[in-house]
Structure formats: C-alpha cells, structure tokens
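Just so you know, the protein sequences line up as chains B and A, in that order. Count the first sequence with full-length UniProt numbering and you get residues 1 to 149, in order. Count the second sequence with full-length UniProt numbering and you get residues 1 to 497, in order.
Think of the hints as simulated: they come from the structure by calculation, not from any bench. Quantities reported herein were computed from a predicted structural model and do not represent experimental measurements. Idealized CB from N, CA, C, for every residue including glycine. There is no bait here: all hints are sound.
Facing chain A, a subset of chain B residues (Cβ under 7 Å, in silico):
(1) Lys-110
(2) Ile-113
(3) Ala-121
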Amino acid sequence: MNDNSLFQIYFDCGLDTKEQMYAFLSEAGCSNGTSRQKTDITRQLFEREQAGIPLIAEHVLLPHVESEHVEESRIVFLRPAKPVLWGETSEDIRLIIAILLRKNEEEAVKQKIARFTRSLADHTFVEELVTTANEADFHQKIRTFQEES
Amino acid sequence: MSVQDHRKEKLLLFLSNNQDYVTADELADILQTSQKTVYRLIKKINEESTEHSMIVSEKGRGYTLDYEKFMNYQKNIRNDKEDNFSPEERRKRVMEELLLSSPKAINIHQLFSDYYVGDSVIFTDEQTMSEELKKYDLTLERKNRTIAVLGEETNIRKAMKEIIEIFNIIDIDDLKTNPELNFNKYDVLFILDQLRNIEKNLNITIPYPYNINIFSHLYILLSRSRKSPDFPFAGQIDQEKTEMMKKDADLKEVAEVTVCHMERYLHQTLPDIEVYFLYQYLVSSRMQGTFDVPSNFSTGVIQVTDVYMKEMSARLGITIDNQSIFNDLANHIKPMLNRLEHKIRIKNRLLGEIKVTYEEIFSRVKKVSECVSETFHLPAINDDENGFITLYFAKMMETSQHQPPIQTLIMCTTGIGTSELLKAKASKKFPELEIVDVVATRDTKSLKKTYSDVELIISTIHLEDEVPVKSLLVSAMFTMDDQKRLQQKIEEIYHER
Numbered sequence: 001m002n003d004n005s006l007f008q009i010y011f012d013c014g015l016d017t018k019e020q021m022y023a024f025l026s027e028a029g030c031s032n033g034t035s036r037q038k039t040d041i042t043r044q045l046f047e048r049e050q051a052g053i054p055l056i057a058e059h060v061l062l063p064h065v066e067s068e069h070v071e072e073s074r075i076v077f078l079r080p081a082k083p084v085l086w087g088e089t090s091e092d093i094r095l096i097i098a099i100l101l102r103k104n105e106e107e108a109v110k111q112k113i114a115r116f117t118r119s120l121a122d123h124t125f126v127e128e129l130v131t132t133a134n135e136a137d138f139h140q141k142i143r144t145f146q147e148e149s
Numbered sequence: 001m002s003v004q005d006h007r008k009e010k011l012l013l014f015l016s017n018n019q020d021y022v023t024a025d026e027l028a029d030i031l032q033t034s035q036k037t038v039y040r041l042i043k044k045i046n047e048e049s050t051e052h053s054m055i056v057s058e059k060g061r062g063y064t065l066d067y068e069k070f071m072n073y074q075k076n077i078r079n080d081k082e083d084n085f086s087p088e089e090r091r092k093r094v095m096e097e098l099l100l101s102s103p104k105a106i107n108i109h110q111l112f113s114d115y116y117v118g119d120s121v122i123f124t125d126e127q128t129m130s131e132e133l134k135k136y137d138l139t140l141e142r143k144n145r146t147i148a149v150l151g152e153e154t155n156i157r158k159a160m161k162e163i164i165e166i167f168n169i170i171d172i173d174d175l176k177t178n179p180e181l182n183f184n185k186y187d188v189l190f191i192l193d194q195l196r197n198i199e200k201n202l203n204i205t206i207p208y209p210y211n212i213n214i215f216s217h218l219y220i221l222l223s224r225s226r227k228s229p230d231f232p233f234a235g236q237i238d239q240e241k242t243e244m245m246k247k248d249a250d251l252k253e254v255a256e257v258t259v260c261h262m263e264r265y266l267h268q269t270l271p272d273i274e275v276y277f278l279y280q281y282l283v284s285s286r287m288q289g290t291f292d293v294p295s296n297f298s299t300g301v302i303q304v305t306d307v308y309m310k311e312m313s314a315r316l317g318i319t320i321d322n323q324s325i326f327n328d329l330a331n332h333i334k335p336m337l338n339r340l341e342h343k344i345r346i347k348n349r350l351l352g353e354i355k356v357t358y359e360e361i362f363s364r365v366k367k368v369s370e371c372v373s374e375t376f377h378l379p380a381i382n383d384d385e386n387g388f389i390t391l392y393f394a395k396m397m398e399t400s401q402h403q404p405p406i407q408t409l410i411m412c413t414t415g416i417g418t419s420e421l422l423k424a425k426a427s428k429k430f431p432e433l434e435i436v437d438v439v440a441t442r443d444t445k446s447l448k449k450t451y452s453d454v455e456l457i458i459s460t461i462h463l464e465d466e467v468p469v470k471s472l473l474v475s476a477m478f479t480m481d482d483q484k485r486l487q488q489k490i491e492e493i494y495h496e497r
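The shape of chain B in the complex, shown without the other chains (with noise of 0.2 Å):
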C-alpha cells in the first residue's frame, strides 16, 4: 500500500518528537524535492498548528497542508512506537494523520480525500485507529474503508 497509493502508513515508527514527525511528513510527501521545499512544508505544517490545533480525538492529529512543493497528494498515517508528548498543553499524541495535498489538485482526488476525512467522525472508526496493534490489521482497516467507498 506503500508504493503509489493515496495512502500511506507508517507503523510503529521511530519518531520521538514534534520535529521530527513533521520533518518525516515533508519528506514523504516531497522526496525528490530541495531541502528549502522541503522545510517549507515543515514551516506550514507549523504553522497551521499555530492557527489552531488540529486535534481531532483523543491522541489523534490530524494536520494538512496544501502546497505547490507536494509531489503526489497524500494521506499518511503515522503510528509512533511510542506515544510523543506534543508541546506542553496537548496530550501524548498515538497517532497522526496527515494530509498533504498537491497544489490544484484535480477534483477527483480533493473528493477521494475529503471522503476519507468524513468517515473520520465515526469515533469507532478512529478508536480503532488508534488502539490496533497489529501493522497487518492496521493495513486492513485502511484497505477495508477504501473498499467500501
């Protein structure tokens, strides 16, 4: 699922902070790009989590940016071996999910993804996100939703 797909997970990661995470994200989501792409994409992830946490559940995060520099548009999971603590007012955080959107996307993908976000207010959906603990069931969760949208 890890090749060309919308969707890409990363199990059990060895990401222990904030800065970290978020420099793995631009390099996902622009690998063959410069390195002041690159920390471009970090500066927006920042701070968009200035204008306002983007917290969606217990332990969940949900950031997403926009940007010319994304090569392919994304939705990347992030399941950290350990929970990282995020800054001081929020809690540890288990797992992030991040969407990283190429500049003029065409539409059909802008739906794919926003169909995706919606079926993230089902909290049983993201429970189970968060608390699977097995990679393999993990990737069939994933698979499971994009089969039945």
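Given the structure of chain B, go ahead and fit chain A onto it with the hints provided.
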C-alpha cells in the same frame, strides 16, 4: 400535594433538566420564593434522601444534581409506594373493586379486610369516595353491611379509567414482560393481539397514548364482564349512533370484528353498544399511516388547527409557515375534537414536566385553547390536552423548525482536512445549519462575492482577515464546549434575524 412538596418536585425537575450548575438566585426565581427557602429546601432534600447529597453544591457556581443518586432516589420512592398504602391509595383500590363489580354490592369488611383499618376510617373513606364518584355522576349506596356503586355504564367506565392509576403509567411495550403490573397475563396477550389486528386491518399504527387508551378500554371491558356478567347498559344503539358510525365504515367494521373476538374469548354475548363504545375510542385516536393524508381533514379540523398556528405564532413572535407542522398538529387536533365530543379524557403523564419545562408555551396554548373553545363552541379543553399541544410547539421551537436553516461555511487550511470532518460532525448534530460549502482559508477574501447569503463561518483555524459575517473558531475535535458555543451562536443569529 403540599406547597413544599410541589416546590421540591419542581426543583428536582428543573435541576434534572439542567446539566450546568444553577445558582440559588435562579432557583429562587424559578420557584418564586426567597433564596433562604431554596437553601432550606435543598438541605431538606439532601437530609431526606437515603443517598446523601443528591444535590451537590459548589461555591461560586451553585447547585447541580448528582444524576445517579437522583435516579436511585426515584426508584426508592416507587418501591416504597408499593409496600404501604396511603389512605389515598387504599381508597383508590377499594373504589376499583367497587367499580369493577358495580352494580353488585360488596360486604364492607371483606372490602377493607386487607388494609387493617377501623370503622371510623372506613366511614371517612366512604364519604371521600362518595365525593370522588360524584364527579362522574355515580353514587355510593350503603345497604346493611354492604356498599355498591350505582350509575350509568359509560360513567362507570370513565371513572375506572381515571381512577385505576396503572392505566396512566403503563407503557404498551412493558405490558407483556413487566410482572409488577399485576395484569392478567392471558388477557394482556389477548388484547395486544386485538390491537395488532386493528392496526393491521386499518393498515395504520396507533401511537402512544392512544394505544394505551384502547388497551385500557378493552381491559376494563373484560374485567367488568367477568365480575358482573349481567351489568345493565346505559342504552342501545339508537338511530343517531348508527348514523354516526356510518361516517367511518372501516372503523365500524374493525370495531365489530374486535367485539366479536371479545365475545368468543369471554364465552359470553356482549351488547351491541360495545361496538359503538369501541368505535368512539377508535375515532378519537390518532393514527399514523394512511389516515395521515391531509385531504382527510375536515373543515373543522383545518379551522381549529389554523387558529392554533396563527395565534401561537403571534404569541410566540415567530413565523410558522410549514405544511408538515400543520399536518402534524392537525393529526392531533382531529382525534382531539372527537375526544372532546365524546368526553374521553386521556391522561397526560408528562403534564407536570411539560408545565415546568415549557411554562411559557403551555400558558399560551392554554389561552389559545380557551379562545378555540369559545369560537367553535367546544367543551373546555383540559390541561392534559393543552399539554399535548404544547409539545407540538415546543418541538418546533426546540428544533427551530420555524426558522429557515442558517447558511454556513466551514473552513480550514486546505478545505478538505479538518473542515470535511467538521462538516460531518456538525451537520449530524445541528440540523439547523445548512452547510453550503467547505472552503480553504485562502479563499477568505472572495467569500462575500461567492457566498453572499452565508450567515456563519465555522473554522478550525484563526481567521486573520476580517470576515464580513459571524464566525466561530472551534477545535477539530468539536468538543462539548465547541458545541455549546455553536448553539449560542445559532441563537444569536436567530435573535438578530
């Protein structure tokens, strides 16, 4: 009920309807009493309840109800009641027995033997019951050591329905399974079956409380027929009654079939007038299904409904212009007019709660009802009915059906991230919003042009540019707090419209 008991009930009801803390000042206002009385009342309630501190206080915030303790407390009260009979309950039970056996006389000592009371108590009970029965034009006759209730059959049935409390509190789904109700199980199953048949034959459903009403009627008929098979009847079906039943041939046929089933079940012939009795109950019931079509409303129903709609919108200062609300209400008014005509009263077990929760609407409905009775020369519309009507308007106010939906935009950085999620959550919880679009923040400047009708913007990020309409910043989690603030915003918008 004493003034204090009444206040106590009102206070608990008010607190149970409020999630937040309420100050003593507000409570004093609601109970129309002094703060001191409120303090005393709360202290007393907390002392009396076996669960200590059912009402919790916090400095600076006021009082709130510990809901779990409150539920327990209510359960306990109910249990207490089952064990001992208060004088009022004793009289009710005795009256029930007498009414069921009427016109047969029953030996006094046998009648009171379960309650261990002396002659003087029995004497007072007799007088009180006699007073109570007068309301239904019935008399209590004492001969030697026996008493009997005498009067017309319709009045006896009416008295039974009002006096036998259980009919006012049962839930139709509860009947089959609740052993505490003390009904004859076979009778219950049989009658439920009749109700189902009625529904099936007419291709409708009979909602609460009408189903209970018909259930009670049939149950009373069974009990009466067994206790005194030869009870005399007030009258036969005369020409006028036959004519009336022609109005709705379907209902008449169903009534006949049902009475026929009852006869077979009882192994006993029932007089023809029973068909007419049941027919009356059927025309006085609200039915959902094929009967809902608007064309079925008579001019009378339409006129009365119109008066309620017009008067209530004037009194509440709102515009009600909605066909579905009209149909809903007319569907209630239609059987209500039949009930008024046939003097059938349905008890509204929510009345106390309705009066407290929707005090203003209730008092206005009452006024309009008075005006309706006068204009259309109808009998007085009682509070039970007013309570039901209040619910229609309360429902409309609560769901803001009288207001056009608020055109809303949802915004986040990309327009497909948190905002899409928020859209899903908000549209589920706030039907009063019409979410016209989900947009990205970069579009803020062109908003006014593209969405000229938008009244509210909900955003998950701080809006730096000034927006020309009301906006609300919420978290992507859409917490309870966010929802509360959104509710306030909605009210603000309604207010300014």
